[in-house]
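Peer 1: Protein chains in written order, with the UniProt record's numbering: chain V, 1 to 483; chain U, 1 to 409.
Hints were generated in silico from the structure; no laboratory data involved.
One or more of the hints may lead you astray.
Calculated lysine to aspartate or glutamate pairs in the EDC-like style (CA-CA distance at most 20 Å, straight line) [what the hints assert, rightly or not]:
| hint | chain 1 | residue 1 | chain 2 | residue 2 |
| --- | --- | --- | --- | --- |
| 1 | V | K405 | V | D388 |
| 2 | U | K195 | V | D190 |
| 3 | V | K263 | U | D135 |
| 4 | V | K266 | U | D135 |
| 5 | V | K266 | U | D106 |
| 6 | U | K131 | U | E97 |
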Amino acid sequence: MAVWLSRSGNVARHLNGKMGSLGILNRSLLSHPEPTHQRNSLPTSPIEQSYRNPAAFLGNSGTLFAVRHFESIQAETHHDSRYDEHENQLLDFPGGKVKFTSDMIFISESPDKRIKCYRVLDDNGRQIPGSSFQPLSKELSLRIYNDMVTLQTMDTIFYEAQRQGRISFYLTSNGEEAINIASAAALAIDDIVLPQYREPGVLLWRGFTLKEFADQCFGNKGDCGKGRQMPIHYGSRKHNYFTVSSPIATQLPQAVGAAYSLKMDKKDACVVTYFGDGATSEGDFHAALNFAAVMEAPVIFICRNNGWAISTSTSEQFRSDGVVVRGQAYGVRSIRVDGNDVIAVYSAVQRAREMAISEHRPILIEALTYRVGHHSTSDDSTKYRAVDEIEHWRSARDPVTRFGKWIELNGWWSNENESELRRNMRKKILHAIQVAEKVEKPLLADLFTDVYDHPPSNLLEQERLLRETIKRHPQDYPPDVPV
Amino acid sequence: MAAILKGIVATSVLSSSSDFVPKGVQLPSLKSLPVSERKGGFLVDGSDAKVVPVSNARARSAGRLVAANAVAAEKSAASTASKTGGHELLLFEALREGLEEEMDRDPRVCVMGEDVGHYGGSYKVTKGLAKKYGDLRVLDTPIAENSFTGMAVGAAMTGLRPIVEGMNMGFLLLAFNQISNNCGMLHYTSGGQFKIPIVIRGPGGVGRQLGAEHSQRLESYFQSIPGIQMVACSTPYNAKGLMKAAIRSENPVILFEHVLLYNLKERIPDEEYVLSLEEAEMVRPGEHVTILTYSRMRYHVMQAAKTLVNKGYDPEVIDIRSLKPFDLYTIGNSVKKTHRVLIVEECMRTGGIGASLTAAINENFHDYLDAPVVCLSSQDVPTPYAGTLEEWTVVQPAQIVTAVEQLCR
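Use the sequences and the hints to build the structure in full.
Peer 2: Now the structure itself:
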C-alpha cells in the first residue's frame, strides 16, 4: 500500500516583517519551505487563500495553503458575512468571495523555487530511502524492462531501416522509454489512450505485435490503418489506442470528449492523453485543460517535457516554470515527475488514475525527460544542440539502464539475461521488417473506401477514371500495389 | 397566392425519384411556398401539404439509412385539401423537434455548444432540452470552438453521437483544424476503425446587419474537405428531416441553417419522417430554365418566379439541399429537360458552391446546355454593416428575373 508522506504543502514564504506594506513582494505561491517552525514563530495568523492543492502531496487529507502577512490583526467579534474573522471586508464578485487587501501586490511571474520533481530511484537505480511509491512485483518489473528494451531496439532498427530507404519515415522515442512503458503499465486496457506520436511503447505494452508495427510502417496490406497514414501513426481500436494524427495537440480536446463519453456511460475507466512540451503552447492545450476541469472529466494529461520541440528549446517555448504550474491555473491537480524513473512514473500514473476515476477530475502530470534522438528522420538535431549534451543523456541518464540496475540489484536480472534479451529482440525485429517488406500493399480500392461509410457517386466515378488511366499506362503503375 | 403548377408535370418530374414514392399513392399538385417578407422575419402564407419525398431502402446508393413510411405519404397526400393533418411550427422548432426525437430514440445522441444548455441556444433550437435530458447530455461548453469540436470528435470516436452547435457558422472557422484534419479524416486514416458520426450545425449566411464577421458563408470553405457531407435546410419540413438524417448518418455532416429563416412557419406531418441527405428538392417544376439554389436564396428565387410566371416564363426551381455531394441526378434530369441553368447562391463569387456546381454541370451535362451556365452570387466583399449596402451584396429577385430573361432569349 502506498504510503504518502507529508511533504511540505504549498505554503508560501512569509514576508520579511520589515517591509512596508507597499513593497512589491516576491511572494511565491508555489514554493516549499518547511512550514512548521515558521508557523510557531510568527505572531500573525494565516490568511486563507482560495487555492488548495492537498491530495497531490498528502493523499486524502487536505491542507489549506496559507500566506503569511504582517498586519495588525484584531480579534474577531462579529459574524457579519461581509467580513471575515479579521474584519477584512469580503466582496461578492461573480466567482465567489474574495478578500480585499490594501497592499498593492503583484504575484510574481516566477516562483523562488521551482516545483519539485518526484522521483524514487536515483541515477544509479537505487531506491531513495524514505520515498513513497507503489511497489512493483518481480513479474511486472521484468515485463516493464522487457518492453523498454524492445522499444529501444525497435527504435534503433526501424530508424536504420528508414536510413536504408526501406521505410519512408520514422520517429524514435529514445530517452522516453520509461514514460512510455511505465505509464502504460499503470493503466488498464479499458483506459482510452490518445497519443501524440512519441508513445508507441503504450501500444507495445497493450499487445500490439512487432509484425503490426512493421506492417504500419511499411503501409502494407496487414496494416489496420490500411496503409493510409505515414509511418508511426499507429492506431488500434482493439487496444483502445486512438489513431495518431499529425497536428499537435488536437488530441487534447478530443481526450476531454472521450472522457465525457466515459462519464456519461459511468465507466470505470479514464482517458490518458500524451503530448510534448511544444504542444502546451497550442490553444487546444489550454482549452482542453479548462474544459476538463469545468466538466470534471476523468482525463490524465501526461506531458513529456523532453526539452525540445524540434529545434525550439523549452526556454523559447514558454517562460513559466515548465508545464506543471499551468495545471493550477485551470483548476487541475498536477504533479511533476522524473520521467526517466520507471517507479516514479508508474506510481504517479497509478495514483492519478485512481483520483481521476473516483473523484471525476482531470490530472496533469509533467514528466521531465530528454529527447535523446532527433525529432524524426527528417531532422538532424546536432544542428541546434551540443553533441555532448545528447551523449550525456543517451548514456549517463538512460532510463533503460537505470531501471536495469534496479532489477539487477533486486537479483532479478543478470548480464546473461541482458545480452540474450537484446540479441533475441534484435533478431525478432529484423525478421518482422524483412517479412513486412515483402507483403503486398493494400488494394487500389482502399484509396476510396472509408472516406464515407459508403462511397458516393463522385468517388466511384473517380475510381473508375483512375482504373481506366492505369489500364492505359500500366508501366507507370507501381508493381507491388494490387489493382 | 400559390404559384400555378402543372399537376401532371409534378408527377413526371418526380418520376426520377419514383423509387421513393410508394405505389398507389396519388401525388397531389405541388404547391410552392409563397413567401411574404416582413420586417425582421419571414412568414409563410397558408400551409401547404407537400409531396413527401420518402426514400425507401431501395435508394440509389446502397446502405443509405432513411425511414420508409408509406403510410405517412398517403396520409399527408390525402390531407392536402383538408389542412387538418400535421402541425404548424417555426423552423427552429422543427429543428428542435427533430433533435428531440433523435435524442429520445438514441441515448448516445448529445448536444454540445455555447449556451445550448439552460439558455436554450442562441436561436432557441435547444430550448427545453437541457431540462429534459440533463446538462451532461446537453452540454454548455466554454468558448473554444476548436476545442469543443475536438471534444465532439473524441466523444464520437468513443461511441457517442454528438451534435455540435456553432453559435454562428462563422465561429467554426476556429474549428477548422479539428473539422478538416480530424473530423473528415480520422475514419480514413484509422483504416475504418474509428468513425465520427457527428453533426455540426449552426446559423450562417447574411442576416440583418450582423456585420461582416457574422455574415459568412462557410459552405464555401468546407466544401473541399474530404470525408464530410454538407446539407442546407430551408423550410421547417426539410429542416427537421435533414436534422434527423444527419444525426443518423455514420459520416460527419455539416448542417447549414440560415439566420433569417428560423422564424419560417409551416405545417409539417405528425408522422415521423427522415429525408435523404443526398437529395435535391424540386420546389417548382418548369420547362424553360433550371434555377438551382439553396437556403435563403430559395425564397428570393420563388419571389422572382412569381414575376417570371407573370411574364410568361416557366422556371423550374430546385433547392439543391445537398451541398456535398451534389445531387447530380435530379439536377441532370432537369438540365436535360430545360437546357438552361441559372444558379442563385448567397456565397461569394470566388470559390463558392455555385462555382463548384457550375463546374460539375459543365463537365457532366455540357451537351445538354443551350447556353452557358449563369451563376448569380454575392460579390467578393466582406458584408457591410449598412443595411442598404448589405442588401446589395445579396442577390435580389429583380436580378434573378433579369438573368432568366437574358438566359431565355
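Peer 1: Check each numbered hint against the structure and report the violated ones by number, ascending.
Peer 2: Hint 1 contradicted; others consistent.
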